[in-house]
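Chains A and B are the protein sequences, given in the same order. Residue numbers for the first sequence follow my numbering, beginning at 1 and rising by one. Residue numbers for the second sequence follow my numbering, beginning at 1 and rising by one.
Because the hints were derived from the structure by calculation, they are not lab data. Check before you lean on any hint, since a few could be wrong.
[What the hints assert, rightly or not] Incomplete in silico selection of chain A near chain B, CB under 8 Å:
#1 Met-60
#2 Arg-96
#3 Arg-97
#4 Arg-99
#5 Ala-101
#6 Ala-104
#7 Met-105
#8 Phe-107
#9 Leu-114
#10 Asn-115
#11 Leu-117
#12 His-131
#13 Leu-178
Even glycine gets a Cβ: it sits at the ideal position worked out from N, Cα and C.
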Amino acid sequence: MTASQRDIILAVDGLKTWFHSRDGIAKSVDGVSFELARGETLAIVGESGSGKSVTSLSIMGLLPKPAGRIEAGSIRFRDRRGVEHDLATASPATLRRLRGAEIAMIFQEPMTSLNPLYTVGDQIAEAVLQHEGGSHAAALRRAREMLERVEIPAADRRVNEYPHQMSGGMRQRVMIALALACNPSVLIADEPTTALDVTVQAQILDLLRRLQAESGMSILFVTHNLGVVAEIAHRVAVMYTGRVVEDADVHELFDRPTHPYTRGLLSCIPTAALLASRQRLQPIPGNVPSVLALPSGCTFAPRCALADTDCTRAVPELAAVRNTHLARCIKVTPQ
Amino acid sequence: MAIAIQSGASAERWQMLRLLVARKTVLISLIVLVLLVLAALLAPWISPFDPYKLSIMNRLQAPGAAHWFGTDDFGRDVLSRVIHGGRMSLLVGFLVVLLSSALGIALGLVAGFFRGADKVVSRVIDALMAFPDILLAIALVAALGPSLLNVVIALSIVYAPRLARIVRASTLVIRELPFVEAARALGVSTLRIVTVHVLRNLVSPLLVQGTFIFAYAILAEAGLSFLGVGISPDIPTWGTMISAGQQYMGSADWIMVFPGIAIVLSVLSLQLVGDGLRDVLDPRLRKEL
Chain A
1 MTASQRDIIL AVDGLKTWFH SRDGIAKSVD GVSFELARGE TLAIVGESGS
51 GKSVTSLSIM GLLPKPAGRI EAGSIRFRDR RGVEHDLATA SPATLRRLRG
101 AEIAMIFQEP MTSLNPLYTV GDQIAEAVLQ HEGGSHAAAL RRAREMLERV
151 EIPAADRRVN EYPHQMSGGM RQRVMIALAL ACNPSVLIAD EPTTALDVTV
201 QAQILDLLRR LQAESGMSIL FVTHNLGVVA EIAHRVAVMY TGRVVEDADV
251 HELFDRPTHP YTRGLLSCIP TAALLASRQR LQPIPGNVPS VLALPSGCTF
301 APRCALADTD CTRAVPELAA VRNTHLARCI KVTPQ
Chain B
1 MAIAIQSGAS AERWQMLRLL VARKTVLISL IVLVLLVLAA LLAPWISPFD
51 PYKLSIMNRL QAPGAAHWFG TDDFGRDVLS RVIHGGRMSL LVGFLVVLLS
101 SALGIALGLV AGFFRGADKV VSRVIDALMA FPDILLAIAL VAALGPSLLN
151 VVIALSIVYA PRLARIVRAS TLVIRELPFV EAARALGVST LRIVTVHVLR
201 NLVSPLLVQG TFIFAYAILA EAGLSFLGVG ISPDIPTWGT MISAGQQYMG
251 SADWIMVFPG IAIVLSVLSL QLVGDGLRDV LDPRLRKEL
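Construct the complete structure from the given sequences, taking the supplied hints into account.
Right under this line is the structure:
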């Protein structure tokens, strides 16, 4: 698909989200751009501190204030009626109207993301009432339907239960029901399966895929787990120190990783072939630099086998490797 | 806990109540409190004499068959006055709990949730708490004038900062919990997050503090009345009775001993129930019971 054919619902362009602290400015997100098409799942992959969570919080308008601020860039979102909003500059009232109704989010911690003192039915009903109004009874009926949609057995009974009466996987299903209660067109999932064990993780990914097929929503899937990416994503954006370093179709990325960082990440995954050849895993040398003191030029250069003095001169551009496959490295792309 | 998990919240509440009364001290305290409250509510029907009726012939009689708690210097029945005095003392305690909670919750939520407001509100709270309780109460009653309502207002202003601090501290913790962020991500308004999600999680610390403030307020009202700056001495409260009885401390100590016992019983029971509630509501302490 070329860019003109894709039906873009969310376009992040040159987003810079910085945190002002006593120790200086932390450039957590420093020029992130990507596009999310309707019905597509885009995975944002990166290590801790790469800026993937801050990116999703910027889109939701949930940055911790006043420390975190969007300094530059735009987040263009097209709502259900086709009206375009720039979420980077939208008013708090507009953001609140869109949150939950048009863009919803699920979090990493299903154990604590629900209020322990209300039944799950009441919590889903709250979201429905907030955006659509109507009677409490109707909202509760919707809550029960939503629990059925996320495949919670005995929804009639479960709707009146409290979060502590449910398991982690069950609670994440409730969180998904909560997020999807108002039928949003974009779902941001911030490491939704990280706190769950592997079998439950697979069930939740299955569920998300099925719900996406039913409703045609787009998913922005934030994770550090490449295995999960391979399961669910259509496209992948790899982030490093607040920038996208590689952006490609999921098959393209796994088949032909281009940026040295992406290649490093993939060679960190143990495979059966590697085990058979009795070779060691190849870790990426060094550590992720602090966002308070980033190296000049390419921030990956100090850890990169290909790097030379050219790499430290300027931040490389995100350039095309092939068609829609982009990478930010002067050694592998024509600059 | 297994039973509670199967049948939901109401069962859990019963479980809590059972745990609460499982402790003998708490059970006895609850019974004492219920009796005191019943006596206060039913005062006109159960008190053996009119608490205001003067009888010079019977003045300063020691406790006996006719007057169980004796009579005071005007010949009034001390038992009847203790029963009627309880109405006023408990009413003051109850109203102070209501008013100081309203003030404290409002201030504490604002301070805990809004960083800018916190700077102002917390300094005001610190300033109010720097004064000794009774001194501040005396100053406020002196400024407002002595009456039941003004005593309640003054004591509420004295105790509201305590509650405000607790509410603020808990709010600071709760506002950072993931479910608050999750509620925000669903587009729930700040007002609703504060009044529904945060406040509901404050109920247990508030319940516990409420019982303590009830006890403090009864004591403070007695203190104010004793010092002569509280409710008019004509109206029997436990404090005014002790105050009036002090001049007969040597010869007719029953005039002040019985209202004194009433204060001790009510304050002690309230404190013990408060302790019990705190233990039952805190799951970490519950295990040790």
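Here is what the structure says about each hint:
no. : hint    : in the structure
1   : Met-60  : holds (6 Å)
2   : Arg-96  : holds (5 Å)
3   : Arg-97  : holds (7 Å)
4   : Arg-99  : holds (4 Å)
5   : Ala-101 : holds (6 Å)
6   : Ala-104 : holds (7 Å)
7   : Met-105 : holds (4 Å)
8   : Phe-107 : holds (6 Å)
9   : Leu-114 : holds (6 Å)
10  : Asn-115 : holds (5 Å)
11  : Leu-117 : holds (5 Å)
12  : His-131 : holds (6 Å)
13  : Leu-178 : holds (7 Å)
Consistency note: the structure conflicts with none of the earlier hints.
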